[in-house]
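Order-wise, the sequence lines are chains A and B. Residues 40 to 290 in this note's numbering are what the first sequence spells out, letter by letter. Residues 218 to 558 in this note's numbering are what the second sequence spells out, letter by letter.
Rather than coming from a laboratory, the hints here were simulated on the basis of the structure. As the structure is a prediction and not an experimental result, all values here were calculated from the model. Incorrect hints may have been included.
[What the hints assert, rightly or not] Taking beta-carbon pairs under 10 Å as the criterion, some of the chain A residues facing chain B (in silico):
#1 L89
#2 G100
#3 L102
#4 D103
#5 T127
#6 R132
#7 M187
[Claimed, not checked] Below, in silico cross-link-like pairs of lysine-lysine (DSS-like), each with a Cα-Cα straight-line distance of 25 Å or less:
#8 A:K115 <-> A:K219
#9 A:K108 <-> B:K465
#10 A:K96 <-> A:K115
#11 A:K114 <-> B:K465
#12 A:K219 <-> A:K96
#13 A:K62 <-> A:K108
Just so you know, even glycine gets a beta-carbon here, dropped at the ideal spot from N, CA and C.
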Amino acid sequence: MITLENVTKTYSGETTIGPIDVKIPSGGITSLVGPNGAGKSTVLTMMGRLMGADTGKITVGGLDVATSKSNDIAKKLAILRQENHFVTRLTVRQLVGFGRYPHSAGRLNVEDEQHINSSLEFLNLTALQDRYLDELSGGQRQRAYVAMVLAQDTEYVFLDEPLNNLDMSHSVQMMRQLRKAADELGRTVIMVMHDINFASRYSDHILAMNEGQVTHFDSCADTMKSSVLSEIFGTSVRIIDDVDGPLAVYF
Amino acid sequence: MANASNAAAVTTSTFVTPAHRRRWLISLVVLALAALGLTAGILTYDNPMPFGSDGFWKIAQSRITTVLVIAVVAAAHSFATVAFHTVTFNRIVTPSILGFEALYGLINTAAVFFLGAVGATATRGIASYLFQVVVMVAFATLLYSWLLSSRFTNVHTMLLVGVVIGAGLASLTTFMQRMLDPNEFDVLTARLMGNISNASTQYLPYAIPIVAVVAFWILARARRMDTLALGSSVATSLGLNHRRETIKVLIAVSILMAMTTSLVGPMTFLGFLVATLAYSIADTYSHRAILPIAFLLGFVLLTGAYFVLRHIFYAQGAVTIIVELIGGLVFLIVIMRKGRL
């Protein structure tokens, strides 16, 4: 369970986020959607304690993210931001190995190696494990980052736009793998999404934000309605019922 | 390349292949041997007394001070620069960008400006040494904690502010230097050039233990630094208190820089050079592999330059000249061959 109580954040006096009060249940995938500048990424970074809230309290799995020890939080939640650029040159396996840092402080043991192996396998990276990150395509690199986050073996996984820079087929692959992580590994995945159709097809819940406020938090079925989506995104959205479920059309 | 089908046996190494590890080990051994050889060379070469006599050992003993100075300078510059590169996420700038050397220049110039040539000697006492170190470390600590704790700044803002402050101090220094009389200026210039032979050896009893403690402290947190190098978001997600770690490391860097600058004066290029070469030789992210190489490189470079200058050219001039000439060339060759930093 993730709880946000009266959380606010002010940027340069003008942009304000919150107050946000929301409880996100454990298990499954929850997507944060909304127009640009709605505060989705900010809320995700605050939940992942990469940024402090001005007021209010955020707990993830019972840990207060502002006051708990960073290493304790690191065993409970892992967060991946959009841009990741390293000065050091790492191979895929070395990167994924860093995911074990909260557990072993850099001294990898047999159990760590097992986690690294299964994360690599889970994201089909075993064949690429000794390649350097700068030799990979954007999609492969993104998968390597997600593998690192999964190797951290946390109950909660926060991802900021995991489909950013991925083409159609890689996006589908990534979402299937995340779905598998939620179903088979029991992870609670919270992510910022731009494509409402991807979000609705693969998530359990959708949390919509607008102008720094949470406007809707519901199951996918109840969110995928013309009236609801048009209000969230501020543009007219039609719903087409496809064989696989509702599709939002907004061209 | 590891065998994918045999995944259970594969382990994660800081070196990509066994060949990388072997190359690192060979480099380490070669550098260590070169360091020993050059040390022996400095102690014994052209020693006028017969080997083994009392006089021989007396001369060797006086020369060992030089080797100690070089060891302190090499350790301080190599550790400070590698650590600084890691916490600032770049490998281009050196810690001197933060204005330590400008501050050192200002303190010394001010002493000569206000006290005359006597001032140059006045700044060489133990008390003034410790005072200089405290001022430099306090200056750095204030700057870092202030800049890194304010909400809208990051490491790059800090670097920029460091550059601006450094430039300000430097122009203040230049202003005072212009009003000095030529004799005083001459005395001051000797003080402001990095010079091993002219080191303030009376500081050694303080500098050696302090540099050793700080260097071991950095080595002890090598694995944290590996993680810090991944950037603030990733390091935080992996359970480090990024800001606190960064400030701690930067304070360690400022102590090392203050130590070496007060001991031998500024050596802007040395740290950058040995760090860059060490990254290239070690070819790994692991600070445990990089730091020893960087230190040995610094030591070999300085002892080599000193040996050549003193015993072959009979010129006890500034070692920095050789460091920058030879080192710069080696650096360019490495960059050209590798095609990346």
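Return the status of the interface hint for A:M187: holds when the least beta-carbon distance to chain B is below 10 Å, violated otherwise. 8 Å, holds
A:K114 and B:K465: Cα distance at most 25 Å? 24 Å, holds
A:T127 as an interface hint toward chain B, with CB separation required under 10 Å: With a minimum Cβ separation of about 4 Å from chain B (threshold 10 Å), the hint on A:T127 holds.
Tell me if the straight-line CA distance from A:K108 to B:K465 falls inside 25 Å. With Cα atoms ~18 Å apart, A:K108 and B:K465 stay inside 25 Å; holds.
With a cut-off of 10 Å on the beta carbons, see whether A:L102 makes it to chain B. 12 Å, violated
Under 10 Å is the threshold here; is the Cβ of A:R132 close enough to any Cβ of chain B for the hint to stand? Because about 5 Å separates A:R132 from the closest Cβ in chain B, which is inside the 10 Å limit, the hint holds.
Given hint A:D103 near chain B, where the shortest CB pair must fall under 10 Å: 15 Å, violated
With a cut-off of 25 Å on the C-alpha distance, tell me whether A:K219 and A:K96 pass. Measuring from Cα to Cα gives roughly 31 Å; hence the hint is violated.
Given A:L89 as an interface hint, is the shortest Cβ-Cβ distance to chain B below 10 Å? 5 Å, holds
With a cut-off of 25 Å on the C-alpha distance, tell me whether A:K115 and A:K219 pass. 19 Å, holds
Going by Cβ atoms only, is A:G100 closer than 10 Å to chain B? Where the cut-off is 10 Å and the nearest Cβ of chain B is about 15 Å from A:G100, the hint is violated.
Sort out whether A:K115 lies within 25 Å of A:K96, counting only the CA atoms. Holds - the C-alpha atoms of A:K115 and A:K96 are around 17 Å apart, at most 25 Å.
Comparing the model with each earlier hint shows violations of hints 2, 3, 4, 12; every other hint is respected.
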